[in-house]
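Protein chains: 2
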Amino acid sequence: MSTTATAELFAFQRDTEALGQISGRLGWDQETVMPAGSADQRAEELSALEGILHARRTDPRLKDLLDAASPANEAEAAQIREIRHSYERAVKLPESLARSLAALSSRAQGIWAAARAADDVKAFLPTLSEMIRLKREEAACLASGGDLYDALLDDYEPGAKAADLAAMFDRMRPRLVALRERVLDRPAPEALTGHFPAEMQLRLSREIAEAFGYDFNRGRLDLAVHPFSSGSGQDVRITTRVDEGDPLNCFYSTIHETGHGAYEQQVAPRYTLTAIGKGASMGVHESQSRICENQLGRSEAFSAWLYARLSREMTLNIGSARDLYRAVNRVTPGFIRTEADELHYNLHIMLRFDLERALIAGDLEVGDLEAAWNDRFAADFGVAVPRASLGMLQDVHWSCGLFGYFPTYSLGNVYAGCLHQALRQDVPDLDAALSQGSAAPATAWLQEKLRRHGALRSPVETIRTACGFAPDEAPLLAYLEAKFSDLYAL
Amino acid sequence: MSTTATAELFAFQRDTEALGQISGRLGWDQETVMPAGSADQRAEELSALEGILHARRTDPRLKDLLDAASPANEAEAAQIREIRHSYERAVKLPESLARSLAALSSRAQGIWAAARAADDVKAFLPTLSEMIRLKREEAACLASGGDLYDALLDDYEPGAKAADLAAMFDRMRPRLVALRERVLDRPAPEALTGHFPAEMQLRLSREIAEAFGYDFNRGRLDLAVHPFSSGSGQDVRITTRVDEGDPLNCFYSTIHETGHGAYEQQVAPRYTLTAIGKGASMGVHESQSRICENQLGRSEAFSAWLYARLSREMTLNIGSARDLYRAVNRVTPGFIRTEADELHYNLHIMLRFDLERALIAGDLEVGDLEAAWNDRFAADFGVAVPRASLGMLQDVHWSCGLFGYFPTYSLGNVYAGCLHQALRQDVPDLDAALSQGSAAPATAWLQEKLRRHGALRSPVETIRTACGFAPDEAPLLAYLEAKFSDLYAL
Numbered sequence: 001m002s003t004t005a006t007a008e009l010f011a012f013q014r015d016t017e018a019l020g021q022i023s024g025r026l027g028w029d030q031e032t033v034m035p036a037g038s039a040d041q042r043a044e045e046l047s048a049l050e051g052i053l054h055a056r057r058t059d060p061r062l063k064d065l066l067d068a069a070s071p072a073n074e075a076e077a078a079q080i081r082e083i084r085h086s087y088e089r090a091v092k093l094p095e096s097l098a099r100s101l102a103a104l105s106s107r108a109q110g111i112w113a114a115a116r117a118a119d120d121v122k123a124f125l126p127t128l129s130e131m132i133r134l135k136r137e138e139a140a141c142l143a144s145g146g147d148l149y150d151a152l153l154d155d156y157e158p159g160a161k162a163a164d165l166a167a168m169f170d171r172m173r174p175r176l177v178a179l180r181e182r183v184l185d186r187p188a189p190e191a192l193t194g195h196f197p198a199e200m201q202l203r204l205s206r207e208i209a210e211a212f213g214y215d216f217n218r219g220r221l222d223l224a225v226h227p228f229s230s231g232s233g234q235d236v237r238i239t240t241r242v243d244e245g246d247p248l249n250c251f252y253s254t255i256h257e258t259g260h261g262a263y264e265q266q267v268a269p270r271y272t273l274t275a276i277g278k279g280a281s282m283g284v285h286e287s288q289s290r291i292c293e294n295q296l297g298r299s300e301a302f303s304a305w306l307y308a309r310l311s312r313e314m315t316l317n318i319g320s321a322r323d324l325y326r327a328v329n330r331v332t333p334g335f336i337r338t339e340a341d342e343l344h345y346n347l348h349i350m351l352r353f354d355l356e357r358a359l360i361a362g363d364l365e366v367g368d369l370e371a372a373w374n375d376r377f378a379a380d381f382g383v384a385v386p387r388a389s390l391g392m393l394q395d396v397h398w399s400c401g402l403f404g405y406f407p408t409y410s411l412g413n414v415y416a417g418c419l420h421q422a423l424r425q426d427v428p429d430l431d432a433a434l435s436q437g438s439a440a441p442a443t444a445w446l447q448e449k450l451r452r453h454g455a456l457r458s459p460v461e462t463i464r465t466a467c468g469f470a471p472d473e474a475p476l477l478a479y480l481e482a483k484f485s486d487l488y489a490l
Numbered sequence: 491m492s493t494t495a496t497a498e499l500f501a502f503q504r505d506t507e508a509l510g511q512i513s514g515r516l517g518w519d520q521e522t523v524m525p526a527g528s529a530d531q532r533a534e535e536l537s538a539l540e541g542i543l544h545a546r547r548t549d550p551r552l553k554d555l556l557d558a559a560s561p562a563n564e565a566e567a568a569q570i571r572e573i574r575h576s577y578e579r580a581v582k583l584p585e586s587l588a589r590s591l592a593a594l595s596s597r598a599q600g601i602w603a604a605a606r607a608a609d610d611v612k613a614f615l616p617t618l619s620e621m622i623r624l625k626r627e628e629a630a631c632l633a634s635g636g637d638l639y640d641a642l643l644d645d646y647e648p649g650a651k652a653a654d655l656a657a658m659f660d661r662m663r664p665r666l667v668a669l670r671e672r673v674l675d676r677p678a679p680e681a682l683t684g685h686f687p688a689e690m691q692l693r694l695s696r697e698i699a700e701a702f703g704y705d706f707n708r709g710r711l712d713l714a715v716h717p718f719s720s721g722s723g724q725d726v727r728i729t730t731r732v733d734e735g736d737p738l739n740c741f742y743s744t745i746h747e748t749g750h751g752a753y754e755q756q757v758a759p760r761y762t763l764t765a766i767g768k769g770a771s772m773g774v775h776e777s778q779s780r781i782c783e784n785q786l787g788r789s790e791a792f793s794a795w796l797y798a799r800l801s802r803e804m805t806l807n808i809g810s811a812r813d814l815y816r817a818v819n820r821v822t823p824g825f826i827r828t829e830a831d832e833l834h835y836n837l838h839i840m841l842r843f844d845l846e847r848a849l850i851a852g853d854l855e856v857g858d859l860e861a862a863w864n865d866r867f868a869a870d871f872g873v874a875v876p877r878a879s880l881g882m883l884q885d886v887h888w889s890c891g892l893f894g895y896f897p898t899y900s901l902g903n904v905y906a907g908c909l910h911q912a913l914r915q916d917v918p919d920l921d922a923a924l925s926q927g928s929a930a931p932a933t934a935w936l937q938e939k940l941r942r943h944g945a946l947r948s949p950v951e952t953i954r955t956a957c958g959f960a961p962d963e964a965p966l967l968a969y970l971e972a973k974f975s976d977l978y979a980l
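Those protein sequence lines, which keep their order, are chains A and B. Read left to right, the first sequence gives residues 1 to 490 (this note's numbering). Read left to right, the second sequence gives residues 491 to 980 (this note's numbering).
Calculated directly from the structure, the hints in this document are not laboratory data. Predicted model only: the values in this text are computed from it and were never measured. A portion of the hints provided could be inaccurate.
Computed footprint of chain B on chain A, listed as stretches where at least three residues anywhere in the stretch have a Cβ under 8 Å from a Cβ of chain B [to be verified]:
id : segment
1  : 49-59
2  : 142-149
3  : 215-222
Cβ atoms here follow ideal geometry from the backbone N, Cα and C, with glycine treated the same way.
Next comes chain A alone, as it looks inside the complex (with noise of 0.2 Å):
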């Protein structure tokens, strides 16, 4: 009988899993191809297509067949682990709630967004209110009694929690802010400037992603505002933007989304729509795109076969491959997290975090975030935020109610880190193949060691078992503090 079960949960599965799929496809198709006049019909689609999915996960057979299923090995159990975790959230949150979510956080986002664009914090603050008092609602449903954030944040990372991450960015803190200062001291490297065909980008970002590991075959680079990769299996498309005087923008962004893309890419075939066909969670997938982008990317052997493949293209201002090697990681204090260099990145999460979860946990008021976030960046960053659209008002994120997303980006660099130094002890030569434009030998280790486990493991087991050691944050810190310490002569 359980074997039976066990198959019949699967393939109920599998169709679950395909039907995400499809709902990431629209996705992909909406940020890329789809007529601005689509956008309320989308809405619908989208919208029976969600609640399709939601009956699914949390149909009352799935209690009876994984009460009943039985695993033959341990992907089959790591499945089985993955259904049960999904219907068990999915069943604790009531289906009122769920839709309220839904509707607010279509709506929040054009509220949002036009809060940004007028610089007008008050215009969001009472939407930012519901918001978080949805998503306590929603933390104490899941919680169970238990830490409301963390709760949040099970979502995105499995297993981790608030506090840890909190000890540990603090740890970290104070030795970003002296690292950051002692570089900002130093007189800034030079800027590659100069007008980049938009062609030509989109030409070098398709070498570059392929250099990094990823199957046009099985995916496509198309253009989008904010870069993104979506799908998993056999049809993983990634995205960059293109900015004419900016090339570096174009090919790091690229280079990023790769990181993402490739690891759904070479997860194991024989995990494609299961439960497991896919990243073992947003911080380990952050790590995947992460290493690419800065460890490999910016370092400083691709760096030169960056300088020489652009100089065959045209003639730059940047006299010498080194300097290119510079110029890719300037530090600059910047209040946007998205266009952050290495050294302020995980300065901006950890503000991010810390405000956010005093939110969810009442400690602060949203009336009082703003001088909040203004109060922790001139502490961080040294200088004083001029308006809330570089402020507080910059994510799309807590529009969307995406609270507990934002650590896994730090910890995605925390693991980059991690997975670096495993990276360099194993293959020691790395250099002369990135020197060549190759990131072949590091994709293929992370292939191996981690990528086609897919969401076999947990998270920290996944990291773990490819690193052969327990992560945390010192590789990062050391590599942070090497590299800069020579880029800047400190």
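Starting from the known structure of chain A, arrange chain B on it as the hints suggest.
Below, chain B without anything else, positioned relative to chain A:
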């Protein structure tokens, strides 16, 4: 109670329509942007969605709601009629048969494509034989003792009867054969030749699509191997193809698909995502593409604009507007339906219609099909079919199980003839606009008389209401005889 049932029925149907739109969008994706290596996963995704759609179309609650529903007006009555028709058809078909047909048609397309590439009829016959067996079984389930072919035809052209179509086609055929013989006795006009860059063809295609009423705010134009139109309501996408040696192929494919696409876009917005928010039938749809492509697009007035417009882009081998009018209406005997001119096209259809009717009736064995095809082709076209890829293996339809589809193409031409006669009567100065590159007066008339009503009325009633008379073949034949007598100085 019945008001509640009506509202519940329409809400249920709205989600079904939305899911149907998603399925259509996946079809668009597959033909335009999907990576080559995504096909297997896509098949699973589509199958999962089709499973959901089938379950909704046969949901037992539908019967109760249909019985209890009471329409408040004509539009609601039409929606209930459409939902009932879909439900009653769907429940007549055993799920096992539906699955067998889906599996066979998926497999058969590959076998057909290989057989066509190898010109090997025998390799396709066992599959075709199995397809016909299943289609006869399907027809028997649907026909309730009536004509088998009519039961299949009803899927594409609700209410149409094969015997009526056969009688009409038999009246048309000798006049078309006679006309083509007289035309082919005359010297052939000069063809448009040269190198026409893809970029220019696509740029003009966009202009032309807009000239024929296509709204790019709720649609887009892409490339596809076999051009098609996809979607209803706010998201209707069209495709075209580019051959740099033959811009007319591109322009007239664009106009054809614009006719389909603008029809869907111009259905009244209040019908969007309802059971009548779409074209009335395949035949009525084809009338919209054909009147745009042929009666309007291949008119002397529009040819004159096209001559001037193309001449602004490059020097043409053709020396006058009149000569371009002759070139866009060149009659050439050929084996391939999709490349056929206005005179030959319906002869291709009639051949297929008679043969597929005989196959479904059991009056023709698949083993005798090739000989029957070739005999009929020789009789109507005056030439022997040299190989099966130019004969009975040329079309994909039978391998997909699309029996009953072919006659709707010619029915569309007949309807286009009727609409064109009524249009010219109501809008006498149409040529003034067409010669300026605008079909706006024509598309406004079509929108008002026909398109905005969607599937409110039966196909025949849709045409009759628009024209003010019951449709028959006389206007089409009169139009063809007048046009080609003038063009070829008969």
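Verification of the supplied hints:
1. 49-59: holds (count 3)
2. 142-149: violated (count 0)
3. 215-222: holds (count 6)
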